[in-house]
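Participant: So the sequences go chain by chain: D and H. Residue numbers for the first sequence follow the working numbering, so the first one is 4 and each next one is one higher. Residue numbers for the second sequence follow the working numbering, so the first one is 4 and each next one is one higher.
Hints were generated in silico from the structure; no laboratory data involved. It should be emphasised that the depicted structure is a prediction, and the values quoted were computed from it without experimental measurement. Just to be clear, a hint being listed does not mean it is correct.
All copies of an identical chain are treated as equivalent in the list; a pair is satisfied when it fits inside any one copy or across any two copies.
What the hints assert, rightly or not - With a Cα cut of at most 25 Å, we get these calculated SDA-like pairs of lysine to any residue:
(1) 94 - 19
(2) 5 - 95
(3) 5 - 105
(4) 5 - 64
(5) 5 - 115
(6) 94 - 21
(7) 94 - 24
There are 2 protein chains.
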Amino acid sequence: MKALLVVAHGSRRAESNDEVRRLTECLSAQANGIYDQVQCAFLELAEPSIPDGLRNAIRAGAEQVTVVPYFLSAGRHVVTDIPAEIDVVRKEFPNIDIVLAPYLGAAAGLTELLLQQAQQI
Amino acid sequence: MKALLVVAHGSRRAESNDEVRRLTECLSAQANGIYDQVQCAFLELAEPSIPDGLRNAIRAGAEQVTVVPYFLSAGRHVVTDIPAEIDVVRKEFPNIDIVLAPYLGAAAGLTELLLQQAQQI
Numbered sequence: 004m005k006a007l008l009v010v011a012h013g014s015r016r017a018e019s020n021d022e023v024r025r026l027t028e029c030l031s032a033q034a035n036g037i038y039d040q041v042q043c044a045f046l047e048l049a050e051p052s053i054p055d056g057l058r059n060a061i062r063a064g065a066e067q068v069t070v071v072p073y074f075l076s077a078g079r080h081v082v083t084d085i086p087a088e089i090d091v092v093r094k095e096f097p098n099i100d101i102v103l104a105p106y107l108g109a110a111a112g113l114t115e116l117l118l119q120q121a122q123q124i
Numbered sequence: 004m005k006a007l008l009v010v011a012h013g014s015r016r017a018e019s020n021d022e023v024r025r026l027t028e029c030l031s032a033q034a035n036g037i038y039d040q041v042q043c044a045f046l047e048l049a050e051p052s053i054p055d056g057l058r059n060a061i062r063a064g065a066e067q068v069t070v071v072p073y074f075l076s077a078g079r080h081v082v083t084d085i086p087a088e089i090d091v092v093r094k095e096f097p098n099i100d101i102v103l104a105p106y107l108g109a110a111a112g113l114t115e116l117l118l119q120q121a122q123q124i
């Protein structure tokens with residue numbers, strides 16, 4: 004069983020966190036056949052935390068969890084904090100395969116998406 | 004003459020700002036025929052500011068400037084701060100058409116891009 008965990012920064016604004024949750028629902032609908040479950044987690048300021056998000060996925064039966072950072076730049080959060088949070092749960096569940104995908108900002112298709120957004124108006 | 008201005012938050016980390024500048028160069032290469040110039044600007048912590056980015060584009064001959072926010076959520080920056088910065092320059096150049104495109108996080112294709120990133124590993 005494969006799970007996808009979308010990791011966002013988290014915000015004091017409930018609307019921003021809800022935006023991530025809605026995105027996760029859309030992803031879930033699109034991930035049919037690729038991931039058996041799609042959840043989100045937050046680095047700070049919102050729930051669940053990254054370790055809790057991973058634990059939830061594992062308890063729901065995931066044997067492999069892919070973590071994808073919903074971040075635009077490779078700052079400290081992406082380079083240091085998210086891997087450290089993942090390591091906590093790797094130690095708890097050494098038989099579960101937890102893999103960290105490249106962050107959103109590194110996606111080659113991002114420029115095309117920005118061009119599309121620019122032409123929405 | 005049409006210009007595209009990619010507006011990012013700006014960071015204390017020079018690497019993050021340079022990441023935006025590199026993205027802008029990639030966009031510029033792809034925007035051939037759609038935009039005559041593609042530049043970036045920053046809300047804070049990096050140069051040029053949004054008003055300066057707009058002024059640079061206009062001085063370089065732009066008659067229409069599309070501003071696309073390189074932001075993932077519709078927080079205060081997207082809803083209030085960026086429009087306010089644009090308004091400063093609209094008043095200076097009333098004959099120039101400055102339009103604000105939807106922010107990146109609102110792009111329908113974002114979920115697909117996240118799925119692609121997740122499958123990079």
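Participant: Each of the hints needs a verdict: does it hold here or not?
Facilitator: Against the structure, the hints come out as follows:
In this assembly of identical chains, residue 94 and residue 19 lie within 25 Å of each other by CA distance neither inside one copy nor across copies; the values are 31 Å within and 31 Å between. Taking the shortest Cα distances, residue 5 and residue 95 sit within 25 Å of each other inside one copy (18 Å), while across copies they are farther apart (55 Å). Taking the shortest alpha-carbon separations for residue 5 and residue 105, only the intra-copy value of 18 Å comes in at or below 25 Å, while the best inter-copy value is 33 Å. Taking identical chains as interchangeable, the C-alpha atoms of residue 5 and residue 64 lie at most 25 Å apart only when both belong to the same chain, with a minimum of 8 Å there against 52 Å between chains.
Proximity of residue 5 to residue 115 under the C-alpha cut-off of 25 Å is restricted to the inter-copy arrangement: shortest distance 18 Å between copies versus 29 Å within a copy. In the homo-oligomer, the alpha carbons of residue 94 and residue 21 never lie at most 25 Å apart, since the shortest distance is 30 Å inside one protomer and 35 Å across protomers. For a Cα distance limit of 25 Å, the shortest separation of residue 94 from residue 24 qualifies neither inside one copy, at 27 Å, nor across copies, at 38 Å.
In this structure, the hints that do not hold are numbers 1, 6, 7, in rising order.
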